[in-house]
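Input sequences plus hints: build the corresponding full structure.
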Amino acid sequence: QVQLVESGGGLVQPGGSLRLSCAASGFRFSLYTMNWYRQTPGKQRELVAVITTSGITNYSDFVKGRFTISRDNAKNTVYLQMNSLKPEDTAVYYCNVAMVVSNYWGQGTQVTVSS
Numbered sequence: 026q027v028q029l030v031e032s033g034g035g036l037v038q039p040g041g042s043l044r045l046s047c048a049a050s051g052f053r054f055s056l057y058t059m060n061w062y063r064q065t066p067g068k069q070r071e072l073v074a075v076i077t078t079s080g081i082t083n084y085s086d087f088v089k090g091r092f093t094i095s096r097d098n099a100k101n102t103v104y105l106q107m108n109s110l111k112p113e114d115t116a117v118y119y120c121n122v123a124m125v126v127s128n129y130w131g132q133g134t135q136v137t138v139s140s
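All letters in the sequence shown, in the order written, are residues 26 to 140 by my numbering.
Be a bit skeptical, because a hint or two may be false.
[Stated by the list, open to error] In silico EDC-like pairs for lysine to aspartate or glutamate, Cα to Cα no more than 16 angstroms straight-line:
no.	residue 1	residue 2
1	111	86
2	68	113
3	89	71
4	89	113
No lab work stands behind these hints, which were simulated from the structure alone.
Put into structure tokens, the structure is as follows:
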């Protein structure tokens, strides 16, 4: 079955960096666009970044220039490099893959940006 396992979250000071990883299994990773979302309490989950099968990337305006999404098809892993972090980036970050039959999510990893 499809599994997505995020890691790499934690507590970081404003201006700091973190790299999130999402290890995928149970499907042909290289054939799917992968997404990172985030969610804060009381708010809807919002799209952060997208990477297509050919490596084309797209970012929401609030992370453009600070975050970089990448993928390693040999390792079935998608990454989110987060630089210049701000307190408003505090959220649970989720890995996602959308398939015809269903939309799959990982369990999420908490990112807290605070001094």
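| message | Are any of the numbered hints broken by this structure? If so, which, sorted upward? | response | none
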